[in-house]
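Asker: Here is how the chains run, residue by residue.
There are 2 protein chains.
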Amino acid sequence: MAFAGLKKQINKANQYVTEKMGGAEGTKLDLDFMEMERKTDVTVELVEELQAKTKEYLQPNPTARAKMAAVKEGILADCMLTYGKKLGEDSIFASALVEMGDSLKQMADVKYSLDDNIKQNFLEPLHQLQTKDLKEVMHHRKKLQGRRLDFDCKKRRQAKGSQITDDEIRSAEEKFAESLQLAQVGMYNLLENDVEQVSQLVTFAEGMLDYHSQCSEILKVLVETLNEKREEAAARPKSEFVPKTLADLNIEMLGSQDGMNGGSSSHLSSPVNKPTHLELLGNGQAQARSTNGKRNE
Amino acid sequence: MAFAGLKKQINKANQYVTEKMGGAEGTKLDLDFMEMERKTDVTVELVEELQAKTKEYLQPNPTARAKMAAVKEGILADCMLTYGKKLGEDSIFASALVEMGDSLKQMADVKYSLDDNIKQNFLEPLHQLQTKDLKEVMHHRKKLQGRRLDFDCKKRRQAKGSQITDDEIRSAEEKFAESLQLAQVGMYNLLENDVEQVSQLVTFAEGMLDYHSQCSEILKVLVETLNEKREEAAARPKSEFVPKTLADLNIEMLGSQDGMNGGSSSHLSSPVNKPTHLELLGNGQAQARSTNGKRNE
Chain A
495 MAFAGLKKQI NKANQYVTEK MGGAEGTKLD LDFMEMERKT DVTVELVEEL
545 QAKTKEYLQP NPTARAKMAA VKEGILADCM LTYGKKLGED SIFASALVEM
595 GDSLKQMADV KYSLDDNIKQ NFLEPLHQLQ TKDLKEVMHH RKKLQGRRLD
645 FDCKKRRQAK GSQITDDEIR SAEEKFAESL QLAQVGMYNL LENDVEQVSQ
695 LVTFAEGMLD YHSQCSEILK VLVETLNEKR EEAAARPKSE FVPKTLADLN
745 IEMLGSQDGM NGGSSSHLSS PVNKPTHLEL LGNGQAQARS TNGKRNE
Chain B
495 MAFAGLKKQI NKANQYVTEK MGGAEGTKLD LDFMEMERKT DVTVELVEEL
545 QAKTKEYLQP NPTARAKMAA VKEGILADCM LTYGKKLGED SIFASALVEM
595 GDSLKQMADV KYSLDDNIKQ NFLEPLHQLQ TKDLKEVMHH RKKLQGRRLD
645 FDCKKRRQAK GSQITDDEIR SAEEKFAESL QLAQVGMYNL LENDVEQVSQ
695 LVTFAEGMLD YHSQCSEILK VLVETLNEKR EEAAARPKSE FVPKTLADLN
745 IEMLGSQDGM NGGSSSHLSS PVNKPTHLEL LGNGQAQARS TNGKRNE
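Chains as they are written, first to last, in the numbering used here: chain A, 495 to 791; chain B, 495 to 791.
Quick caveat, the hints were computed from the structure, so don't treat them as lab data.
Mixed in with the good hints there might be a few duds.
[Unchecked claim] Simulated crosslink set (DSSO-like; lysine-lysine; CA at most 30 angstroms straight-line):
1) B:Lys613 / A:Lys549
2) B:Lys547 / A:Lys714
3) A:Lys613 / B:Lys547
4) A:Lys599 / B:Lys549
5) A:Lys549 / B:Lys549
6) A:Lys533 / A:Lys669
7) A:Lys738 / B:Lys502
8) B:Lys605 / A:Lys549
9) B:Lys626 / A:Lys580
10) B:Lys580 / A:Lys636
11) B:Lys714 / B:Lys613
12) B:Lys514 / B:Lys654
13) B:Lys580 / A:Lys613
14) B:Lys732 / A:Lys637
15) B:Lys636 / A:Lys579
16) B:Lys580 / A:Lys626
17) A:Lys732 / B:Lys533
18) B:Lys714 / A:Lys714
19) B:Lys566 / A:Lys714
20) A:Lys654 / A:Lys522
21) B:Lys636 / B:Lys626
[To be verified] To be clear about the criterion: a stretch of chain B counts as covered by chain A if any three or more of its residues have a C-beta under 8 angstroms from a C-beta of chain A, and this derived list gives those stretches:
22) 664-676
23) 681-689
Heads up, the beta-carbon is just placed ideally off N, CA and C, and yes, glycines get one too.
Given these sequences and hints, build the entire structure.
Answerer: Written out as structure tokens, the structure is:
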């Protein structure tokens, strides 16, 4: 049996080479069949690519899921939360950072839900299609190719006067016909299954719509909150900032050692009369530039 | 002058080491000052990190902008458009792929607008803050540290009997006082500038809101279109698929050579009676499984 199998392989390979190199005319299937083959090939590539690109659209690294920061929203959230807390929430800016960090955290959660949804309802069916139906169709097509070669080979050899019986040819013909049928039906079923395929795209699009809608809702609330904080910051009475002097800080000065305490203050206030690009107001009473709330205007 | 400068550096370094190693008490600034320093340090780190993480949230590779596919939406769009066109738009699934590809392309455009917006209105001001105001404040703080060391050093050396005049100490004290003032005012202005800082967060949040809202709108239309296509596919009359036989394809058979044309068809239909996992119906009349539109149920 092993030898018979090998001999068959050699005969088929021989037929293949004869057709390719010798220009022998092999049996041709029709244009409809070739079009189904072409579309099936495109589908095989599509299913492969669609899985790869969808995974790219989702989480690049699913093992990074353990630490919540893995999606970009989560990374930015962590940054804002960390520094908001470090600055101390008595600062309005710090509490705004914490608010925004919280919102980004929520958006990261929503992104994870999208990932789960798309994996389960889009990628998983695609993977099934790839590993079951497409694999089966490709198997029948490969078998058809082999049986066609075998049939042509036997006919050619009989025509050349080899010892090939009509029964052998009839058996090859039957197998050829069987594979032709299985390949056609398999491809037809694949290509006609567009209701299901379009449904899967709907699922994907709905998942993305959910994701973006939920993010919009989270951000609407955030923008409102941040605008309130901005108004709070703008409305807060700004006291004049009086920078402390060395005397205020009880730093032992030469003047104080000589009992010249009173003189030292005029002494110390002089440097601020120098113009600086911090736009200090003179006489040591530097008014904070932020009192008008619009430093860069 | 160069030597005098070097000598000053050595004296300050000496004072620094004496304080650190020898436990000498250096001049201390007060808790308010230290708290401003701490918050300024946090702000410096924050501004650094916030730029890095925001860039990560946006486009990882701006040079890839030339080819439109650079954002994930664009990559997925290209995949769907390519295969949709390859499949041929006579297929409803293919036209659904093209529709979804077009929508993803639009979403990629919206993503690019977000990138531009955030770069211009959030990252650029942060970068300005970092390279101008923060840099200036840090410069004054560094200078303050040096002048404080110089002042302490001169006092210590005079106390030990070195040839340090009162004028030299007074001059060091003036410079110390000047830097103390500039550092305080700089940090105060930075930390009090929360109206502007919160405004920048509002701008960022509004940009993200715009992005997600626009994507939602695009996806709403897409989901509607895809649902129509699904209904169109489901409603389309499904004809029974009759796979072609070898005879249909004019493939020269043994029977036809013997004038047994009529006999060959019964001959060829027999293989399909074998049960296969493609669930063929018997007698060569394989009904497409997709006629009920729900292959996986």
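Asker: With reference to the structure, classify each hint as holding or not holding.
Answerer: Results for each hint:
no.	hint	result
1	B:Lys613 / A:Lys549	holds, 27 angstroms
2	B:Lys547 / A:Lys714	holds, 22 angstroms
3	A:Lys613 / B:Lys547	holds, 27 angstroms
4	A:Lys599 / B:Lys549	holds, 17 angstroms
5	A:Lys549 / B:Lys549	holds, 22 angstroms
6	A:Lys533 / A:Lys669	holds, 24 angstroms
7	A:Lys738 / B:Lys502	holds, 27 angstroms
8	B:Lys605 / A:Lys549	holds, 19 angstroms
9	B:Lys626 / A:Lys580	holds, 23 angstroms
10	B:Lys580 / A:Lys636	holds, 22 angstroms
11	B:Lys714 / B:Lys613	holds, 28 angstroms
12	B:Lys514 / B:Lys654	holds, 19 angstroms
13	B:Lys580 / A:Lys613	holds, 25 angstroms
14	B:Lys732 / A:Lys637	holds, 28 angstroms
15	B:Lys636 / A:Lys579	holds, 26 angstroms
16	B:Lys580 / A:Lys626	holds, 23 angstroms
17	A:Lys732 / B:Lys533	holds, 19 angstroms
18	B:Lys714 / A:Lys714	holds, 19 angstroms
19	B:Lys566 / A:Lys714	holds, 24 angstroms
20	A:Lys654 / A:Lys522	holds, 21 angstroms
21	B:Lys636 / B:Lys626	holds, 15 angstroms
22	664-676	holds (count 10)
23	681-689	holds (count 7)
Taken one by one, the earlier hints all hold for this structure without exception.
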